[in-house]
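K.L.:
One-letter residues, chain by chain:
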Amino acid sequence: MKRLIAVLIGCVAVLHTGMALAASSVRIGALFSVTGPASFLGEPERNTLEMLVKNINDKGGIKGTKIELIIYDTQGDSTKAKQLVNKLIKNDKVVAIIGPSTTGDTMAIIEDVEKAGIPLISCAAGIKITEPVKKWVFKTPANDHLAADKIFNYMASKKQKTVALLTVSDAFGSSGREQLKALAKQKGLTVVADEVYGPKDTDMTPQLTKIKGAKPDAIICWGTNPGPAVVTRNVRQLGIKIPLYQSHGVASKKYIALAGAENAEGVLLPAGKLAVYDKLKPSDPQQKVLREYDQAYRKAYNMEASTFGGYAYDAFLMISEAIKKGATTPAQIRTSIEQSKKLVGISGIFTMSPANHNGLDLSAFEMVRIVKGDWELAR
Amino acid sequence: MQISDQLTQYLFSGLATGAIYALIGLGFAIIYNATGIINFAQGEFVMLGGMFTVTLINTTGLHPGVAVPCAIILTTVVGILFERLAIRPLKSATPLSLVIITIGGSILIRGIAMLFWDKDTHALPGFSGDEPITIYGASLMPQHLWIFAVTIVVIGMSKIFFSYTISGKAMRACSYNIRAASLIGIDVRRMVLFAFIISSAMGSLAGIIIAPLTMTSYDVGIMIGIKGFCAAIIGGMSSGFGTVLGGLLLGVLESLGAGLVSSGYKDAIAFVILLLILFIRPQGLFKKAETERV
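Just so you know, the protein sequences line up as chains A and B, in that order. The numbers in the working numbering rise by one with no breaks, and the one at position 332 of the first sequence is 332. The numbers in the working numbering rise by one with no breaks, and the one at position 65 of the second sequence is 65.
Rather than coming from a laboratory, the hints here were simulated on the basis of the structure. Every residue gets a Cβ at the ideal spot worked out from N, C-alpha and C, and that includes glycine. One or more hints might be untrue.
As the list claims (entries may be wrong) - Taking beta-carbon pairs under 8 Å as the criterion, some of the chain B residues facing chain A (in silico):
| id | residue |
| --- | --- |
| 1 | Gln9 |
| 2 | Tyr10 |
| 3 | Ser13 |
| 4 | Thr121 |
| 5 | Ala123 |
| 6 | Ser139 |
| 7 | Asp187 |
| 8 | Met215 |
| 9 | Ser255 |
| 10 | Gly264 |
| 11 | Asp267 |
Said to hold, decoys possible - Simulated restraints on C-beta separations:
| id | chain 1 | residue 1 | chain 2 | residue 2 | range |
| --- | --- | --- | --- | --- | --- |
| 12 | A | Glu178 | B | Lys169 | 56 to 64 Å |
| 13 | A | Thr35 | B | Arg84 | 26 to 34 Å |
| 14 | A | Thr190 | B | Ser163 | 35 to 43 Å |
| 15 | B | Ile3 | A | Lys135 | 54 to 62 Å |
Stated by the list, open to error - Which residues of chain B face chain A? A partial, calculated answer using Cβ under 10 Å:
| id | residue |
| --- | --- |
| 16 | Gly14 |
| 17 | Ile20 |
| 18 | Thr134 |
| 19 | Ala138 |
| 20 | Leu140 |
| 21 | Met141 |
| 22 | Ile210 |
| 23 | Asp219 |
| 24 | Ser262 |
| 25 | Lys266 |
Chain A extracted, bound-state conformation (with noise of 0.2 Å):
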């Protein structure tokens, strides 16, 4: 009997050193709006995804490690999200999660990863992800607050007192809006004209109208592409000459085309390193990874890199890291994410701790004016 044990033990040992020698690869799965209206954020964070893995499997791996990625599209549908987050659990068995694209199938699925000890890396912006923190849950795009933040630090420097808020009435808007409004107490500016727009909206010179009349010192736009181009356009229309601030959400040369770089001269808005990095300092740590990504981007696609794709750059960057050091089981690998210290990635510089799976600062932006369809850093 005991002789049979000792075989069968042999026998499972064999079997698992077997195993783990001809499992060299990890799998990785990720959630993204590929298609539907999130579909702007879903499909660069896709096409970053493929070529990273695609990169890292044609050099050998990591370690000689192989990455297997899953990626399914959710359509921007928590419910859609909440089965595929199941399936990636359960039939796929993938050791982490990147993604979702947006907060709402983010938050959907949070309860899912958390009870499988699986750990997600949502490319999603929404501060609720994680804010309290989430054992299993981190992010990478920088909180809308930071923006925020900037803008005022900014303004400080320019003795503006009095704002004036245009926001959009969707979801980007309205957390900046709330964001905005709380920053702007704390830091003691007063808020003199509170007004929205619909994302479809096509004139919002009503709206500029009464907050020209309101004489703030400075008007704070917070949206994505078309409604601040339109802004824009009506504050030239209107021959408003107060300066106009816009969001992160805008940081793209789109947003110069679609305004009119005329429209747009002077604008000045806080820009993820990307959009700018051939106007950083050659000392900025950033300014390598920035470059190497665009041009990786451009080649494989043809396009310009977004912000959006960064997102999942920052995800992938943390897994293989962790990787790298050695963690196989999703435990180590959410282990070593946490440990993260001075990463640099394309949103920023990350360092999380157990109270913070951002990570990100203040220095994740940068405030740039536009001049003559161009950016230049702001001082």
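With the hints as your guide, set chain B onto chain A.
P.N.:
Same frame as chain A, but now just chain B:
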């Protein structure tokens, strides 16, 4: 800025937006009058007009003067195909099922547009520059003048068409009573096709002249279609001044509401007006209630 200047600005902004609603509303009204159905794909014709123009100008480098007629023709072809493939094959379908078909058609057109082009927003340069002009303390873009001018021309032409041409009169006859019209020898099906041709051409024209102001993308037709529909409802689905006044009224109320009350309620204002009119005066603001003779 004086309050009076603000008011004139609200008024002009409202009239400018209202003229756009009116143009799109007219497309709804024309099809409704000839066929009794509300064509919810009208917004997609608006989108197609803008998108075709952007593509023609950007990819083939055509002069806008050539690209605009080409875009109108292309959209009209889509309108004809839509009528031939989706509306005509249905024999004795009820107006309700036809309305549902137009909703399906609009989703299909939008989906194809998304695949054919992309999901990005595209801008078009203004027809006559981007220097704002000042009128009575309010500022407008030169493009607004184009919109006003085109709206006036379109109303004038549709007035002439419906009052003085055989086809126009035949279409009006269809709108009163389809069966009687066919009894006196009017080819009702041809009139339906005509209605689709006219309204898709008109929709695309609207889409083209507003594109420099509002920009365009594959999904621009949804909201603008609904607003045009509101304008047509306020105007009692008339294919003349009623809808135009409806559009202008809607635009001005939206703008005044956003400026004087709260911009958060801008869209709510439009829909509250729509509901009130449907409850109180379903025949529209400017139409006398019809009396049915028994």
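K.L.:
Hint by hint, say whether it matches the structure.
P.N.:
Here's how the hints hold up against the structure:
1. Nearest Cβ of chain A to the Cβ of Gln9/B: about 4 Å, under the 8 Å cut. The hint holds.
2. Proximity of Tyr10/B to chain A holds as hinted, the smallest CB-CB distance being about 6 Å (cut-off 8 Å).
3. Nearest Cβ of chain A to the Cβ of Ser13/B: about 4 Å, under the 8 Å cut. The hint holds.
4. Against a cut-off of 8 Å between C-beta atoms, the interface hint on Thr121/B holds, since the closest Cβ of chain A lies about 4 Å away.
5. Checking Ala123/B against chain A by beta carbon gives a least distance of about 5 Å; that is within 8 Å, so the hint holds.
6. Against a cut-off of 8 Å between C-beta atoms, the interface hint on Ser139/B holds, since the closest Cβ of chain A lies about 6 Å away.
7. Proximity of Asp187/B to chain A is violated relative to the hint, the smallest CB-CB distance being about 39 Å (cut-off 8 Å).
8. For Met215/B, the suggested interface contact is upheld, since its CB lies about 5 Å from the closest CB of chain A, less than 8 Å.
9. With 8 Å as the threshold, the beta carbon of Ser255/B comes within range of chain A, its nearest partner Cβ sitting at about 4 Å, so the hint holds.
10. Restraint check, Gly264/B versus chain A: the minimum CB separation of about 5 Å is within 8 Å; hint holds.
11. Using the Cβ-Cβ criterion of 8 Å, the hint placing Asp267/B at the interface with chain A is satisfied: the shortest such distance is roughly 6 Å.
12. In this structure, Glu178/A and Lys169/B meet the distance hint of 56 to 64 Å, their C-beta atoms being roughly 59 Å apart.
13. The hint said 26 to 34 Å for the Cβ distance between Thr35/A and Arg84/B, and at roughly 30 Å that hint holds.
14. Remark: the range hint 35 to 43 Å for Thr190/A to Ser163/B is contradicted by a beta-carbon distance near 59 Å.
15. Between Ile3/B and Lys135/A the CB atoms are about 57 Å apart, so this pair conforms to the stated range of 54 to 62 Å.
16. Of the supplied interface hints, the one on Gly14/B holds, with its beta-carbon coming within about 8 Å of a beta-carbon of chain A, less than 10 Å.
17. Restraint check, Ile20/B versus chain A: the minimum CB separation of about 8 Å is within 10 Å; hint holds.
18. Satisfaction of the interface hint for Thr134/B is found here, the shortest Cβ-Cβ separation to chain A being roughly 8 Å, below the 10 Å cut-off.
19. Look at Ala138/B: its Cβ gets to within about 9 Å of chain A, closer than 10 Å, so that hint holds up.
20. Given hint, Leu140/B at the interface with chain A, holds; its Cβ is 7 Å from that chain's nearest Cβ, closer than 10 Å.
21. A least Cβ separation of about 6 Å between Met141/B and chain A falls short of the 10 Å threshold, and the interface hint therefore holds.
22. For Ile210/B, the interface hint holds, the least distance from its beta-carbon to any beta-carbon of chain A being 7 Å, beneath 10 Å.
23. For Asp219/B, the suggested interface contact is upheld, since its CB lies about 8 Å from the closest CB of chain A, less than 10 Å.
24. The closest approach between the C-beta of Ser262/B and any C-beta of chain A is roughly 8 Å, which is under the 10 Å cut-off, so the hint is satisfied.
25. Satisfaction of the interface hint for Lys266/B is found here, the shortest Cβ-Cβ separation to chain A being roughly 7 Å, below the 10 Å cut-off.
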